Amino acid sequence: MGLLSDPNRRRALISMLTRLNAPICVVCYFAGVAWFMGLAFEPFTLRTYMSENAMGSTMVEERFPAGERALATGREFAAHKKKVGGMPVDWLVKNMQDRGLEVFTQSFSRTLPFPDENKERYIVKGTNVYGILRAPRAPRTEALVLSAPCSPGDSNNQAVGLLLGLAQYFRNQIYWAKDIIFLVNEHDLIGMQAWLEGYHHTNTTGMSWSPLQGRGGSIQAALSLELSSDVITSLDLVLEGLNGQLPNLDLANLFYAFCQKIGVLCTIQGKLQRNDWDSVSGYSHAVQTMMLMVMKQASGRPWGDHGLFLRYHIEAATIKGVNSFRQYKTDATTIGRLLEGMYRKLNNLLERLHQSYFFYLMPSLSHFVSIGYYMPAFGLLAVILLLRALDLWVQLNTPPSTTEDGVADIDQVRHTPGVLSVLTPLVISHLTGVALYALPIRFQETAVEHFPVSETEAVVLTAIAIYTAGLALPHNTHRYYIMCVCGTEQGWRVLKLIAVLYLAVLLGCTALINFSLGFILALTLVPLAAFVTPHVPKVLSAFILVILSPACTLLFSVFFFQELQEMPVSFQDGWLLYLSVISQGILDHSLYGSLVYPLIALLVYPCWLLFWNILFWK
Amino acid sequence: MTPYGSSSLAGSTHDALTRKSTTASRKMAAHRCSCSSWLFILFSLSVFVVADIHETTPVNDHHGGADHNAQTAEQTADQPAVEGRRWEATEVKEAATVDAAADTQGTSAPETVVPSSVPQPKDDFQEELVIRPLHSGDIYASFQFRTLWDTDFMRENKVSHYRLFPKSLGQVISKFSVRELHISFTQGYWRTMQWGQPFIPSPPGAELWVWFQDSVTDVDATWKELTNVLSGIFCASLNFIDSTNTVQPSASFKPLGIGNVTDHSFLRYATLPREIVCTENLTPWKKLLPCGSKAGLAVLLKSEKLFHSSFHSQAVHIRSVCQDWQCKTTSWELRQTVNSVFDLHNSGQAKREWSLFKMFSRTLTEACPLASSSKLYIDITDNPQGEQFELSPATSLLSQAVVLGDRRTFSVYDLTQETTFGSVRSLNLLIRWKSNEGEMLRPLLHAERYVAGYGLQTGEIHTLMYNNHPYRSFPVLLLDSVPWYLRLYIHTLSVTSKGKDNKPSYIHYEPSKDRVKPHLLEMLIQLPPNSVTEVTVQFERALLKWTEYPPDPNHGFYVGSSVISSLVPSTVAMDTNSTRERPLFSSFFPCKEESSYFVRIYTEPLLVNLPTPDFSMPYNVICLTCTVVAVGYGSLYNLLTRSFQIEEPNPGLAKRIANVIRKMRGVPPL
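As they're listed, the protein sequences go chains A and B.
Everything in the first sequence is counted per the numbering used here, starting at 1 for the first residue and increasing by one.
Everything in the second sequence is counted per the numbering used here, starting at 1 for the first residue and increasing by one.
Honestly, the hints are just simulated from the structure, not real lab data.
Treat the hints loosely; a few may be bogus.
What the hints assert, rightly or not - DEER-style ranges, computed between Cβ atoms: (1) A:Gly508 - B:His491: 35 to 45 Å; (2) A:Ala12 - B:Tyr637: 20 to 30 Å; (3) B:Tyr489 - A:Gly379: 16 to 26 Å; (4) A:Ala31 - B:Tyr637: 27 to 37 Å.
Claimed, not checked - Below, simulated DSS-like cross-link-like pairs (lysine-lysine); rule was C-alpha separation at most 27 Å, straight line: (5) B:Lys167 - B:Lys224; (6) A:Lys94 - B:Lys434; (7) A:Lys82 - A:Lys320; (8) A:Lys618 - A:Lys538; (9) B:Lys498 - A:Lys125; (10) B:Lys224 - B:Lys305.
Only a predicted model underlies this, so the values are computations on that prediction, with no experimental measurement involved.
Even for Gly, the Cβ is constructed at its ideal location relative to N, Cα and C.
Work out the full structure, taking the sequences as your base and the hints as a guide.
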């Protein structure tokens, strides 16, 4: 503390920081990236372990016998689905009742803000069917959920069959301490959203649903099951939920433990685990797995039906059956036994899952990176912004003739531009952000009338148009600056100081909630924020600025993600994918309350515009 | 009778007792009022009218000790005799010969409530098991054991000689001046929608409510002591009952026995929704029975099977009842009940059949020798022609009883008769289902409750009450006792039925006091016919002190069941005479009107998560706090309080030495 209270040493420290600012920033940036890449290196990560005692030490036996019958039920379900042309509600109700469940239905309807071209739906009407297995001698205070989405088409019939098979088997067991809810939700995420809102009697997204008749108390954990073929070679675990929320790591541990015990091939992000961590290919495999998780988490969308549970503090994951590794074959009985084991362990829970981590990245299913290990990577990037802010602050406070800096120079402050002059670009860029957020959906009808596009295209293209129009802003705001008497040199410094601090706070908060999103934004926005001044070459800098803008980051992410999934696309396809990703982002926001679109439109984009402003400062 | 009497429901259960209490009050000499006397006159008039109407009713011979009864009844006044004839609801149609067993009948005690003409024995024990096959394929078994004792714990200071009545409870009654005591332990939730109404309702967990005599001066201290004693007797956590979960309901819990108490300051009600019920609670409960689990129906109460069921509830009810219709004398009644529901699916067998052995892993071989009556009832109302299920061994004895607003028919097995056990000397009742369809019976009244909302700051409690009666509306009394750590926003209380605001005609609300007492909310609400009434109230979740969290804070905190008491319109005339002989299961709640019957239902308890600190990281918290204090605060304090001065450049070594020398010389330093 002597360092701060001693004017001489403080001066020395500050002068060092300002003198070496640029090199330190560069070093920090590369250190941050290197740290992040190091996270995937196996010796640096921790092995997963079961933290919850109630699930760890207790033994359960899996005896589910009826896999074949479950598949037959699935085929029957498929036949009825085809006959009805949607969800066979009556058939499901009867089947669940025959299995001794209390069966209830919920109907819901939802009009999307604009048609969803990926899934070809606009006005959605559907019915959820769920049956509750009442635990004997339990007072309806706790429940577990097993859900299987019933989507149009031929997929996921086996999951419904297995769900019914498990219901029948579970019903005959005496050991349940928590009610088990078997849910078949129509229209995947929309149905799940309706059911969860109905269950908790909230309405966050303006959906209309009929109230639920039966409940099982507070839901402790949930699994969503997706199986689309009779033969499964491996099971994939999907964790990423709405807004980048993740379930407690113990749920992943539980899945992994049972896969090991029963001998089922299990993957995360569709990637098998490899043992050759010391080879280059092994390392790059781990990096790919982790980067896929980062990209998925950053998108903020629910990557399975489980994603919507997390808002209600219900630990949930999706288990997907994959049929790709030919040499391994797993039958439905084995998967049933795996699920039985998991539910029996969850049934043993005395408390909600809370012992293990909620913030983690997984480079493989057996290793994880906890928040304490990955945050420094972000911190190294964020510190660049603080260093730049310090530099600017010192520059603002230190006129060339100054001798002392301990006492803030009061006359210097007068030279700095007033609040108003900085406020103008702030307000204007935020208004552009508001326009970007609100207008695309509002003006879709107008756009459709005047241009030969569909509603969805209209929304996406309007968004891109507004985004691009925002770039024209400096010329408009320029006039206001001429009117103010302040020195322009001080003016841009103040603006940049505010912009840099704004960005630091914004990224810091984002990274705390959704590390991946914060880190990806920091990777692109921090260098931009560090170097931009009005004095750099305009054309080149403008080009770099555009390349590093949020929209282009998204475009690159789309290509990168496809690359990681080993499904590279041509530029043409990539562009189409990019457009659909934008429309999906807007839909996710209005359907499920995803916050990525408003975050980008209302905060990140305006912040980027501020730097754009600084570049064209006159 | 009661101050709330005008609101018809407030005294619901107990206005029925008006008549008894008026007669009783003469003897008790404690409460006399003019109103009771004119009520008495009114009542006697009505009885005469009734008597006139039914004078001609043919008297069916009662199969068990009927002759004996007739004699004793004739010795008393005419009216009771007429009453007895009129309400021969338990009349037993005799197809087989009774005379064969007539001699053995003589030994069994009379079936009516202990007749006043017989002074000894002054105590009487009855046992009874009702089995009701439910539509869902489950089986409901309800045991009731009743001990009546003609004594007064209050008057005679020392009651030292105990015969059938358990001494441990008798001492509790006299020591703590208990007027009524009801205690139940329940594991599971009664599923009203599938199972209909239970004979004796109880909430999940433990429930205790006690009326004290008005001679008790410090009720709270007595209550505290009583809960601790009962905790020891029943091996339960009743000692966790304290002021934070005890309430004094103003209207929902009226005495079920005689007594016209209205001052609810002598009433205490508490529930422990988290209480787990197991063998350790059943064993002391069985020890209270005169025969223990050695003989009689109680041999069936084996815990390994009893706790292999969907629902288990055991209870003890102590109250004072009239000995006869005139109620000149009272006696203490101890009712011990066990209710359980056995699950068809969990039996693990594909065959749909039930037997006593399958349910309890025992068969019946004898009645309790001390019991004056020992009977097994099978509800065959839904099975008049035997198309639903088949019963073996068949019995010819039938009985009818009006219970819960419905006239039910029962097959009766009298265990005091040798013939019941047949040649194998053991009774293993077998129920074989024939068809598995059965429409779901919709109970007229049922309720559910849940917590709405998400996040850890606020929430909303929704209570839904369904009136399934097609055209009658009826009032219900809702009692909610919510722990203090859910801070109810009572201004958000709303009651809606059919989309319209439904204004409660009576609201009794006592706000909570942090760490001292819970919220108490009682409302009288009229439920329109065929409707759902929704009661919502918002709450805020309190942040507890860190020592107040239980060891498993992430499990959540329990909120006890709401209690809904109601007078539901009955389809058949209810039996309003509470002293007449009836099966035990139909005589628990006294009945005032013929047109309605009393129902009490409990909603499910709630499990609410409160904001919980991460207890697994105290070390981190301590480290962080210390760092913040030491570094952050220290340096800031240092900067703020230090006065900065321009420091003289450090003098050289030579100069310092020179100064020392100059100081010694006494000249000013350089």
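Flag every earlier hint the structure violates by its number, smallest first. 3 and 10
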